[in-house]
Amino acid sequence: MKLLKSKRKNEPEFIAVTPNEKKYIIRNPFGEDLKINGQHHDVKIYEDEEGFTVIEFKNKKYLAEITDKSQNKYTVLLNGLSYSFTIESPISYRRRKYLGKYKQTNRLEVIEAPMPGKIVELLVEEHSRVKEGEAILILEAMKMQNEIMTQVSGKIHKIHVKAGDSVAKDEVLMEIER
Amino acid sequence: MRIKSLLIANRGEIAVRINETAKRLKIKTIGIKTAKEPNALYLRLVDDVIDFSHTLDEIPEFLDIERIIEAALQCKADAIHPGYGFLAENPYFARRCEEEKIIFVGPSALAIFKMGNKTIAKQIAQRYDVPLLQGSQRTVKNPKEAEDIAEKIGYPVILKAAAGGGGRGMRIVEKASMMEKMFRMAANESEKAFNDSSLFIEKYVRNPRHIEFQIMGDRHGNYIHLGERECSIQRKHQKLIEESPSFALDEKLRTEMGEAAIRIAKAVYYHSVGTVEFLLDADKNFFFMEMNTRIQVEHPVTEMVTGIDLIEWQLRIAEGQKLTLKQQDIKLTGWAIECRINAEDVQAGFSPNLGIVEKVSFPKGKNIRMDTGITDYSVVTPYFDSMVAKLIVHAETRKKAIATANAALKKIWIRGIKTTIPFCLAVMNHKKFKKGDFNTSFIDKDMEKLYYNEEADEMLAAYVAAFDFAAELETNRSAKPDFERGKNISPWVLNKRLKSL
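Taken in sequence, the protein lines are chains A and B. This note's numbering numbers the first residue of the first sequence as 1 and each following residue consecutively. This note's numbering numbers the first residue of the second sequence as 179 and each following residue consecutively.
Only chain A is shown next, with the shape it has when bound in the complex (with noise of 0.2 Å):
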């Protein structure tokens, strides 16, 4: 990958912002002169001969891979577990915030399978209220049953799914009114 050595005036900027809005301020990500959040640091990325992405930080070495990404939004698997951040410019950052203000207050989370599997039994009823971490139902896959929880508090606006169905990966399962 070639370096992007500052021709431009401007070191480049990106600010990754996490799902509870905490920011990390990257900037220059390839050059020598990397500052996270305005303190400089010296890490390095590289593959290793194995094909493992590897990062070194003060002497130790982390595991690193992206999961998931589509458009800004990633996912990064780091030492066994996963960081989302969606990545922005200083720019599109305040676009967000700006756009943020008018953003719907009561959107409906939709919640998926996260794996095939059979309902075994629905714990919660529709119009029910749950909390974040709740678990609303039991599916069972891998010959264990697996409770599911709600990564949102909320209503529970519908439900689509009864015990004994069999679900696809990604099936919707219900959607909550937050």
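Please note that a few of the clues may not be correct.
Here are the simulated EDC-like pairs of lysine to aspartate or glutamate, each with C-alpha atoms no more than 20 Å apart in a straight line [as the list claims (entries may be wrong)]:
(1) B:K589 to A:E50
(2) B:K588 to A:E47
(3) B:K589 to A:E56
(4) B:K623 to A:E134
(5) A:K22 to B:E652
(6) A:K131 to B:E626
(7) B:K370 to A:D165
(8) B:K588 to A:E50
(9) B:K589 to A:E47
(10) A:K35 to B:D635
(11) A:K69 to B:D646
(12) B:K537 to A:D68
(13) B:K211 to B:D225
(14) A:K23 to B:E632
(15) A:K22 to B:E632
(16) A:K44 to B:D326
(17) B:K370 to A:E140
(18) B:K359 to B:D307
(19) A:K44 to B:E636
(20) B:K417 to A:E147
(21) B:K588 to A:E125
(22) B:K214 to A:E147
(23) A:K69 to B:E652
(24) A:K44 to B:E632
(25) B:K370 to A:E125
(26) B:K589 to A:E49
(27) A:K23 to B:D635
Worth flagging that the hints you see were computed from the coordinates, not collected in a lab. If you're wondering where the values come from, they're calculated on a predicted model, not measured in any experiment.
Could you slot chain B onto chain A? The hints should help.
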């Protein structure tokens, strides 16, 4: 009779493990190929493969008794090793082997049957003076009967589905006034889950440890135990981390529990390797739970501290050889810990994480052992359980074993699927685990966070994402002229447009 060829009626890491010892003993090994996993690692290691992948059958391959028997006869296998799970504890399968004069690598069908039946197993324990949790001998019919028994044995008690397992249909009852309600709930749940609403009642032990003893017996009346395994780190009754010895036992208690385990084995003329499971309460009283009449997932920790190959002895005993090891030969040296690496997403409630293992790299070292059924490009399918590997470490002390496990876990690199490694790391770094102060409620009560990460991790992940994004932007920019891509609208113009929305 010498075993010259062995059919391994299992898959994954245990098939690999059995194959390894069998080959060392110059036994020809035969594996079973299924359509669900036609390229599995174990198939590349065995001497011969029987193909089960063509016929479509309702019964899963490794549960199809007649088909496996037929295959064994066809390829003239002297013996069948069932591994764990599947048919390992099926008395009918063991009997079919006996009938067809195939050596079943395990105990007799009768021993499997007796220990597999909760009521009979308990009666045996009682007859041979092995402490039992007090409770109902038979199923209880109604809340009134349950209340009477609870009055006798004292609260708290636990109601258990007679047909059940896995935590379903279970209710803890703290006092008499709660009995009626809890009884109905447990009965309903077990009716729903198992089509059978009958319940058992038992004294409930708060926060027990799960301690099990490895035993061995032969056909000549010799029995020994190989010490204990501590398996209290469990989630929903699934063991996740095991160790040997246990922090909770001293030499006196070890002898006492070991002898109790041997009494159970003797009572059923047990000839193979087996495991007797106990609950240990906070006052160090132990109670018989059940006997597992097979080799167990966590057997390597015992192998590490005793230096004995359990599969080898299982095969030798199956041949009819004498158990030449004596109890005084068994010494537990140092400390061993096993971490189960499951293809599960700890950030999503341990849900199975299926997919293709694109690349794996395991640590090596003289105190590190990896038992695994996966390699590069292995597929983790929904058809089998999610365990893909086990890390076992051995060191002089528990503290050193934890440190070794910690370092080794960080060197297991797997690309393509998420695993329980961050969970194992969280346990290894937990204050109470390090102190040895834990019991079966550890995960629920003591762990605030179920995975381990370091402060810089999120930042580094953010950097990876930004780096990739920037790199892509750069290639796009240099590769082709941008005509009307959104990016090329002057940001000032775009901002103005938005404001006028």
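Verification of the supplied hints:
1. In summary, the hint linking K589 (chain B) to E50 (chain A) is supported, as the alpha carbons are separated by about 14 Å, within the 20 Å threshold.
2. Pair hint K588 (chain B) plus E47 (chain A) holds up; C-alpha atoms about 18 Å apart against a cutoff of 20 Å.
3. Taking the CA atoms of K589 (chain B) and E56 (chain A), the gap is about 14 Å. The hint holds against a cut of 20 Å.
4. Between K623 (chain B) and E134 (chain A), the direct Cα distance comes to roughly 17 Å. Compliance with the 20 Å bound is thereby established for this hinted pair.
5. For the suggested pair K22 (chain A) and E652 (chain B), the alpha carbons sit about 25 Å apart, so the restraint of at most 20 Å is broken.
6. Distance check on the hinted pair: K131 (chain A) and E626 (chain B) sit about 18 Å apart at the alpha-carbon level, within 20 Å; holds.
7. Note on K370 (chain B) and D165 (chain A): the hinted pairing holds, with a Cα-Cα distance of about 15 Å set against a maximum of 20 Å.
8. Restraint check: the Cα-Cα separation between K588 (chain B) and E50 (chain A) comes to about 17 Å, which is no more than 20 Å; the hinted pair holds.
9. Straight-line distance between C-alpha atoms of K589 (chain B) and E47 (chain A) comes to about 16 Å, which keeps the hinted pair within the 20 Å bound.
10. Pair hint K35 (chain A) plus D635 (chain B) holds up; C-alpha atoms about 16 Å apart against a cutoff of 20 Å.
11. With a CA separation close to 10 Å, the supplied pair K69 (chain A) and D646 (chain B) stays within the 20 Å bound.
12. This hinted pair checks out: K537 (chain B) and D68 (chain A) have alpha carbons roughly 17 Å apart, not beyond 20 Å.
13. Annotation: proposed proximity of K211 (chain B) to D225 (chain B) holds, straight-line Cα distance about 13 Å (limit 20 Å).
14. For the hint pairing K23 (chain A) with E632 (chain B), the CA-to-CA distance comes to about 18 Å; that is within 20 Å, so the pair holds.
15. Distance restraint check for K22 (chain A) and E632 (chain B): the Cα-Cα separation of roughly 17 Å lies within the 20 Å cut-off, and the hinted pair is therefore satisfied.
16. Distance restraint check for K44 (chain A) and D326 (chain B): the Cα-Cα separation of roughly 69 Å exceeds the 20 Å cut-off, and the hinted pair is therefore not satisfied.
17. Among the hinted pairs, K370 (chain B) with E140 (chain A) is consistent with the structure: their alpha-carbon atoms are about 15 Å apart, no more than 20 Å.
18. This hinted pair does not check out: K359 (chain B) and D307 (chain B) have alpha carbons roughly 35 Å apart, beyond 20 Å.
19. At most 20 Å may separate the alpha-carbon atoms for a hinted pair to count; K44 (chain A) and E636 (chain B) meet this at roughly 16 Å.
20. At most 20 Å may separate the alpha-carbon atoms for a hinted pair to count; K417 (chain B) and E147 (chain A) meet this at roughly 18 Å.
21. The straight-line distance between the Cα atoms of K588 (chain B) and E125 (chain A) is roughly 42 Å, outside the 20 Å bound, and the hint therefore fails.
22. Simply put, K214 (chain B) and E147 (chain A) have alpha-carbon atoms about 25 Å apart, too far for the 20 Å limit, and the pair is violated.
23. Annotation: proposed proximity of K69 (chain A) to E652 (chain B) holds, straight-line Cα distance about 17 Å (limit 20 Å).
24. For a cut-off of 20 Å, the pair hint linking K44 (chain A) to E632 (chain B) stands: about 18 Å separates their Cα positions.
25. Pair hint K370 (chain B) plus E125 (chain A) holds up; C-alpha atoms about 18 Å apart against a cutoff of 20 Å.
26. Of the supplied pair hints, the one linking K589 (chain B) and E49 (chain A) holds, its CA atoms being roughly 16 Å apart against a limit of 20 Å.
27. For the given pair, K23 (chain A) sits about 14 Å from D635 (chain B) by alpha-carbon distance, which is consistent with the 20 Å threshold.
When the structure is compared with the earlier hints, violations turn up for hints 5, 16, 18, 21 and 22 and for no others.
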